[in-house]
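Residue numbers (numbering that gives the first Met the number 0), protein chains in the order written: chain A, 0 to 437; chain B, 0 to 523; chain C, 0 to 163.
Source of the hints: derived by calculation from the structure; they are not laboratory data.
Any given hint could turn out to be false.
Quick look at which bits of chain C chain A covers, simulated, 3 or more residues with Cβ under 8 angstroms [stated by the list, open to error]:
1) 21-27
2) 32-41
3) 47-57
4) 70-82
5) 125-131
6) 138-151
From chain A, some residues computed to sit far from chain C (all C-beta separations above 12 angstroms) [what the hints assert, rightly or not]:
7) Met-44
8) Val-70
9) Ala-143
10) Met-167
11) Ile-169
12) Ile-177
13) Asn-240
14) Gly-294
15) Asp-335
16) Asp-390
17) Met-423
Even glycine gets a Cβ: it sits at the ideal position worked out from N, Cα and C.
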Amino acid sequence: MGYPHKPHEKETVILSEYFGDAEARSYDGWVKRGGYKALKASLEMQPAEVVEIVKSSGLRGRGGAGFPTGVKWSFMPKEKSKPHYLCCNADEAEPGTFKDREIMRWTPHALIEGCAIAQYAIQAEITYIYIRGEFTEPLRIMQAALDDAYGNGVLGDNAMGSGRRLDMYIHRGAGAYICGEETALMNSIEGQRGNPRIRPPFPAASGVFGMPTTINNVETLAAVPHIINRGPEWYKSLSLNNEKSCGTKLFSVSGHVQRPGNYEVTMGFPLGELINDLCGGMRQGRTLKACIPGGSSVPILNREETESCLLDYEGCVEMGTMLGSGGVIVFDDSADMVYQTMRLARFYAHESCAQCTQCREGTGWTVRILERILAGQGEPKDLDLLLDLADQMTGKTICVLSDSCAAVVISTIKRFRNEFEAYMAGTREPGVVAAGVG
Amino acid sequence: MADQALVTLTIEGVEVSVPKGTTILEAAKQAGVLIPHYCYHPGLPIAGVCRMCLIEVEGTPKLQIGCATEVAQGQVVKVFGDEALKARESVLEFLLINHPLDCPICDQAGECELQNYVFQEGRSNTRYAEYAKRFSPVEDFGADVLYVPNRCILCTRCVRFMEHVAEEPVLNVSERGDRAFIGIHPDATLDHEWAGNVVDLCPVGSLISKDFLHKARAWELDRTPSVCTGCSQGCNINLDTRSDVVVRIRPRPNPEVNRHFICDTGRMHYRWMNRGDRIEAPLISRGGELQATDWDHALSEAARLVSGSGGRAVVLISPNASNEAMFLAKRLVAQFTATLAFRVERVDGEIPLSGVPGLALRAERAANVAGATALGYRDDFDAAVQAIEGASLVIVVADDLEGVSREALQKAVNAVYIGTILPDAARGAALVLPVANTAEEDGTLVNRDGRVQRYLQAKSAPGMARPVWWVLGEVLKELGRGESLFSADEAFALMAEAEGSFRGLSYANLGMHGRTMSEARVSV
Amino acid sequence: MEQTTEYAPVFTGDNRKRLDEVLARYPAKRAGLLAALWMVQEQHGWVSDEAMAETADVLGLTPSYIKGVVTFYTMYHQHPVGKTFVQVCTTTPCNICGAEEVVEAFLEHTGCGDLGATSPDGKFTVIEVECLGACGFATPVMMNEDVIENVTPEKVPDLVKQYS
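For reference, chain A alone in the conformation it holds in the complex (with noise of 0.2 angstroms):
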């Protein structure tokens, strides 16, 4: 199958299998598509034997850090004293990322195999699946899903026949990009607004309700009924370029190329053959000017750097960039960038929750600066002051907002510099610039 494309000769179809065909959202038809073993099998299995199973996988998070997922897991109390949590991240937000949209709308089963069993894994009562407010339809094909799994027994108080009880209930967000924040999605569940928490404490140790959670990313868990059921050493097989990425990634295209979407690749995959190949390369007479391939949090990449980077944590670190949640962002030659990462910076200014004072007024000072230099208003020195801003807006604050806002200005200004340059010395017309932020 394939959505929206067919898949390319060149994907690694594990977790896209079945993206497109409508009849997998059942549980029907999930278990028709081998669906539900997985969780069998680690239900028969001692909790402690499923986390040292993906621990040796080299699954590693997809919803950004790239933290070992297994090892995450073993961070959860041996000894169980109190409740312990599961929360599912899908609250996608990171512009330029829609995978665990696409896992949810089309195979909603596997993203709840995959949290039952880490759920086991971890002895975890609850999970709760954050999804984003605005994603209305996979929250109903999630809420359908939950449903039809309860209803056939994999849920509920004798989860498969384990004797086990399993519960898991969404919960839809209202409305913030920070709430993708591991600590802020605690404070959301719990009905508080989507501030990070400060840490220590770790969820590991004091988590959603106070009590140990352990959070991963939609694609993440989704990756985890195949490990189980193809076994670690052949996740650990799929790797192109670092044996410490490894397994397939989702990359989700967006910007200027013949066709964007989702397209999977086995850890280490170039990143210009997936713009140039699987994506058809760029619109009919323009050529790659940049590209983000991470998430708009990530610095961006110029053509040569986009061209010989490798799609995976290390390869990015490489270029000077990250992996992220595998968002990329194609920009061509008819893109603004002053004008874009003004956006950019202007998504960030309306997301800050407001906590930290280099990220609440930072970011904010940021966009009219950038407007002003659209403007074109700009003095030379205004781009010494973004980059100190910018450097004060980095490794200071409770979570990454503001450093992810800081690395769009840092990394624009390095690599597109006469682009600035341009607007200030008038030889480009001052665009129209909406005032404000918000």
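Knowing the structure of chain A, use the given hints to seat chains B and C on it.
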């Protein structure tokens, strides 16, 4: 206490040992270093949001916040390293971009933590000059509190106080990013009994007191440690005075009594200290009329009245009078069969500050009931008033004599009224001696937990009014039963010698946080 | 948008039952707040101060606390909006694919004129929204609970007709 593990670390070159679990910010205080901060407050849960207390910890790549980072053995902390200074300068710059700089008309000026830290560590110029600042109108939060959003730095101390200490979340952070402000539901008001503390907690001039609005500049104020006389809790306070007038009461931290807080009743309980209708000279009764006289004459007359009588004596004393006054009055009537009494206003119910165990506006609305009781006074005012008839001597100290007639005192013949104002009934006294009020003298009070606490003189007494301990000491001297007392300290020492409850205590060992009577007994 | 008359409580009858079901999923009542506010918006179209007071009552919170939460999440309307609430994603991935022209088209064809304003017939309110998470389908537009993918200015008149 004894088995608490200590951690040794170095802060700005000073080695300190603090209990495990202490934050770097608190440990730094012990090293004599104040790490600049806004959101942190020792009386509130840690938020870690202002990012002002960023410091360098050797071996840690990123700057750390002092308020939330626990000390570790062998840690080396630099508060004033280049990187930390640059980060804090930057936080200040960010805080100032939308700050109005209306210090000349801001009540907080002079005691503003933004002003202070900008002066210490901020930039000398702005890089934000060309943009309009955020503007929102002043909002009345109700009760005594006004909110000036333009000055707000979103430290959230007020929100956390209401949510976690008062446990009535009536304030919130509204909106996000740089549009955020401190909000309140339109139907809610900040009228919680302890809400006024948000004004003290606000590090800038964003939450201000209507009562204090534009009344005085911070640098004109003298600050004197005192104890609130509003109820038997005995909250520690500072009396802020300008030109001998008390203009404001603020809490003085005492971990054992009120931590950092006082109630609004106590906060507003100061106008009586400034009353203008005071007795300014000793008054002596001549033919049924009170006439002014001098202290020499008044004291010898007092001695005459006391010595010339025998039999029964009645002392009616205010439960807000100092222990020293109560003790000396009792000593004065030692040779009589004495009825020692006070009365105290009691209301229904207490108003606790939920998040601080043991802290409440108490039903018993007087400050020294425990002291009076320890010194043998009884809460039986009516019986004492009845005992006036036929008594050889009546001494009234600072009671307003409400419900007592002028005739009652006239009949008593030897009645001495010692007070600050002259109620009608006191006109029946043979002698009236003008004394200082609590704000005008030194003394001690005992709170409901038996904690003996000192208060200091904050303003001068009007005219010829003198502290009660001085007046009573002089009368005793006239009677040949003592020497002149030169300070309240001496009066207290006499009491500590004579009264078991106070044994072992002295002004020196009370300090400014007081000691309980039981503590004193243990250490004697 | 009719004039607000008597406030109609949300948490009665079936709604109350629905809320109780939600509350049973959490160890703390407050955790039901986001869901409760969704129910409020479903019934009233927005979250009024009265609704916050009712919700506070039901969940044992204060109205002020709830206001802090409501103003954090951008999907809760703090004012009445048009019958169809149109959110056009204009964040970078969509922006470079012409999202701002889509916004212009909506403003024109709905008669809203300005962002955030409600059309004179009360049918539409149009806003720009930050990333809807459908960047590969630029430009995605949310019309109430529906997400419509690949919207171009040319498709706007039909969409407006369809939701009128």
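Open item on the list: Hints numbered earlier in the text: which of these fail when held up against the supplied structure?
Closed with: 3, 10, 11, 12, 14, 15
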